[in-house]
Amino acid sequence: MSSYVGFSVPGEARGKARPRVTRGGAHTYTPDPGGFVERVTAHAVEAGLQARADYEGGVEVSVLIGRAMPKGWSKKRKAEMEGEPSLVKPDANNVLGAVLDALNRVAFRDDAQVYWVRAQRAWAYEHSVHVGITYSDT
-18 MSSYVGFSVP GEARGKARPR VTRGGAHTYT PDPGGFVERV TAHAVEAGLQ
32 ARADYEGGVE VSVLIGRAMP KGWSKKRKAE MEGEPSLVKP DANNVLGAVL
82 DALNRVAFRD DAQVYWVRAQ RAWAYEHSVH VGITYSDT
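Position one of the sequence shown corresponds to residue -18 (our numbering), numbered consecutively onward.
Just so you know, the hints here were simulated from the structure itself, not pulled from any lab data. Small disclaimer: the values here were computed from a predicted structure and weren't measured. Some clues are possibly wrong.
[To be verified] BS3-like mimics (lysine-lysine), calculated; alpha carbons at most 25 Å apart, straight line: (1) Lys56 to Lys70; (2) Lys59 to Lys70; (3) Lys52 to Lys70; (4) Lys70 to Lys57.
All chains, full assembly: derive it from the sequences and hints.
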């Protein structure tokens, strides 16, 4: 038996940034411009995923990244392009990395439990990220 939980995060997706090191080299951190990781974590907690923080089974994760269409596009072109693949940055794998990092110790114990992933970028009327998590309870 498996269970599914999904939630949406409004706003523009950000890819996972490269780690930075302080001048003395004593401290390493990963910047989070725009607070994207914090927003994903907050929406995951809102969806009730914190109860799964100690989950140790396998996990499937799907991420749909909605990119807002340019304002200069006509209504006709927007209608044609909605749901079509978007090839603009950030890369889907970078957003997936940020989402998985945000879900660590919130939706599951560690992202090493994820055995199946799907990430897709598509044109949408507004920026958003839709996350789906399936827990394998076998």
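Right, here's what the structure says about each hint:
no.: 1; hint: Lys56 to Lys70; in the structure: holds, 23 Å
no.: 2; hint: Lys59 to Lys70; in the structure: holds, 19 Å
no.: 3; hint: Lys52 to Lys70; in the structure: holds, 17 Å
no.: 4; hint: Lys70 to Lys57; in the structure: holds, 24 Å
Consistency note: the structure conflicts with none of the earlier hints.
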